[in-house]
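Listed below, chain by chain, are the residues.
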Amino acid sequence: MALDKPYLDVPGTTIFDADQSRKGYHLNQFCMSLMKAENRETFKRDERAYLDQWPMTEEQKQGVLTRDLNRCIAAGGNIYFLAKIGATDGKSFQYMAASMTGMTQEQYAAMMLAGGRSPDGNRFIGEQRGEKN
Amino acid sequence: MARITASVYTSHVPAIGAALDLGKSQEPYWQPVFQGYEPSKQWMADNTPDVIFLVYNDHATAFSLEMIPTFAIGTAAQFQPADEGWGPRPVPVVQGHPELAAHIAQSVIQDDFDLTIVNKMDVDHGLTVPLSLMFGQPQAWPCPVIPFAVNVVQYPVPSGRRCFMLGQAIRRAIDSFDQPLKVQIWGTGGMSHQLQGPRAGLINQPFDNAFLDRLIADPAGQAAVPHIDYVREAGSEGIELVMWLIARGAMADVAGGPAPTVKHRFYHVPASNTAVGHLILENN
Chain A
1 MALDKPYLDV PGTTIFDADQ SRKGYHLNQF CMSLMKAENR ETFKRDERAY
51 LDQWPMTEEQ KQGVLTRDLN RCIAAGGNIY FLAKIGATDG KSFQYMAASM
101 TGMTQEQYAA MMLAGGRSPD GNRFIGEQRG EKN
Chain B
134 MARITASVYT SHVPAIGAAL DLGKSQEPYW QPVFQGYEPS KQWMADNTPD
184 VIFLVYNDHA TAFSLEMIPT FAIGTAAQFQ PADEGWGPRP VPVVQGHPEL
234 AAHIAQSVIQ DDFDLTIVNK MDVDHGLTVP LSLMFGQPQA WPCPVIPFAV
284 NVVQYPVPSG RRCFMLGQAI RRAIDSFDQP LKVQIWGTGG MSHQLQGPRA
334 GLINQPFDNA FLDRLIADPA GQAAVPHIDY VREAGSEGIE LVMWLIARGA
384 MADVAGGPAP TVKHRFYHVP ASNTAVGHLI LENN
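Heads up: the sequence lines are chains A and B, in that order. When we follow the working numbering, the leftmost residue of the first sequence carries the number 1, and every step to the right adds one. When we follow the working numbering, the leftmost residue of the second sequence carries the number 134, and every step to the right adds one.
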């Protein structure tokens, strides 16, 4: 019997549930390995070789190599784990957040200062996206 | 006997900790946030408890995907501030209260809540940022802290209803501890925010303020709100607010006592990606 997942129609949002966690286990554990300084160094020296030590899918590896966080999330990544890639790159969390929205960091920061993204138009897939943000 | 004197609720945004640690608290961006906690620091100085029971969540720091406990109680004598990738925060080591923590674990498990008992655990910004906001930058935290970590990273997280009932079980546990301790219970995380995907940056001020109103006046009603309402209205990470219901469930009025007094209330947007909310409720 199918599980009840009422959150699938929330736009621009992937809920990290047990299915996503199962898909993303090795991707997220790779991210976790970046908590150690020596692993960060090894990764930065040869990203592809480091990733190849993990039983990740090619899609997951490409998501990491291109720093496409939305692609990583679709492949089972969780933002708290993925944030460790950004920390390895010396990027702020706000930079990472902006990168997922199609905005520059400056545009994103300005949106937050103006009160953030409005929920109006952003509650259900198919609703008109709010222009005012 | 031990008793709960008050509950404190606050966001635990990591950037707030970084701003304090880097000496930026008086910059125009951060000054209003810290200003909002000035009355709280005075209140804490006047009402320092013997122990704080601190409900928070770990952010892929102590718990990777190897093990994901829904509720984890820290029973150790000490907890080190974690290295979250930028080095540990320069804050004091957190002293635990193993005797009370073990008592609560035994009582709450017998009360049908399955806690994971953790004897070794580093604590991340989820726990240390609230301490910094309420105590500033002391050489040592003024009292022991029992960390209580809730899974809000991997869905499904515990429901608001279950959190509210757990708070009631924690109150019963503390009430039955045979030492005259004054205990505060803190609920942390939130308020509205979303950190992932094209919808990142979502903030919902009407939702947050209604949550604060209802947490004060109708916590049982708020506890009945399903997950999806938090996700849709307050952002995927806004779900952290269920942790506030644990602290609220431990207050005296939920068990038929008098209503608490609101000692302080504060709300501000933004802190980095997040809306900041804060409340102090005192038992009467």
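Hints were generated in silico from the structure; no laboratory data involved. Mixed in with the good hints, there may be bad ones.
As the list claims (entries may be wrong) - The calculated lysine to aspartate or glutamate pairs, modelled on EDC-like cross-linking and capped at a C-alpha distance of 16 Å, are: (1) A/Lys5 <-> B/Asp362; (2) A/Lys36 <-> B/Asp255; (3) B/Lys315 <-> B/Glu415; (4) B/Lys396 <-> B/Glu199; (5) B/Lys396 <-> B/Glu366; (6) A/Lys61 <-> A/Asp46; (7) A/Lys44 <-> A/Asp17; (8) A/Lys36 <-> B/Glu415; (9) A/Lys23 <-> A/Asp46; (10) A/Lys5 <-> A/Asp17; (11) A/Lys23 <-> B/Glu199; (12) A/Lys36 <-> A/Glu106.
As the list claims (entries may be wrong) - Residues of chain A clear of chain B, computed beta-carbon distances all greater than 12 Å: (13) Met1; (14) Asp9; (15) Val10; (16) Ser33; (17) Asp46; (18) Asp52; (19) Gln53; (20) Phe81; (21) Gly90; (22) Gly116; (23) Asp120; (24) Arg123.
No residue lacks a Cβ here, since even glycine has one placed at the ideal position from N, Cα and C.
To see whether the hints hold, each was checked on the structure:
1. A/Lys5 <-> B/Asp362: Judged against 16 Å, a Cα distance of about 13 Å means the pair holds.
2. A/Lys36 <-> B/Asp255: 14 Å, holds
3. B/Lys315 <-> B/Glu415: With Cα atoms ~12 Å apart, B/Lys315 and B/Glu415 stay inside 16 Å; holds.
4. B/Lys396 <-> B/Glu199: 41 Å, violated
5. B/Lys396 <-> B/Glu366: At roughly 27 Å apart (the allowed maximum being 16 Å), B/Glu366 and B/Lys396 break the hint.
6. A/Lys61 <-> A/Asp46: 13 Å, holds
7. A/Lys44 <-> A/Asp17: 30 Å, violated
8. A/Lys36 <-> B/Glu415: Distance ~42 Å between A/Lys36 and B/Glu415 Cα, so the pair is violated.
9. A/Lys23 <-> A/Asp46: 25 Å, violated
10. A/Lys5 <-> A/Asp17: 9 Å, holds
11. A/Lys23 <-> B/Glu199: With Cα atoms ~14 Å apart, A/Lys23 and B/Glu199 stay inside 16 Å; holds.
12. A/Lys36 <-> A/Glu106: 30 Å, violated
13. Met1: Its Cβ never comes within 12 Å of chain B, the nearest being 16 Å, so this holds.
14. Asp9: A/Asp9 is in fact no farther than 12 Å from some Cβ atom of chain B, at 9 Å.
15. Val10: 6 Å, violated
16. Ser33: Its Cβ does come within 12 Å of chain B, the nearest being 9 Å, so this is violated.
17. Asp46: 20 Å, holds
18. Asp52: 20 Å, holds
19. Gln53: 17 Å, holds
20. Phe81: At roughly 5 Å from the nearest Cβ of chain B, A/Phe81 sits no farther out than 12 Å, so the non-interface label is violated.
21. Gly90: Non-interface label on A/Gly90 violated, nearest chain B Cβ at 9 Å vs cutoff 12 Å.
22. Gly116: 3 Å, violated
23. Asp120: 9 Å, violated
24. Arg123: 5 Å, violated
Checked against the numbered hints above, the structure breaks hints 4, 5, 7, 8, 9, 12, 14, 15, 16, 20, 21, 22, 23, 24 and satisfies the rest.
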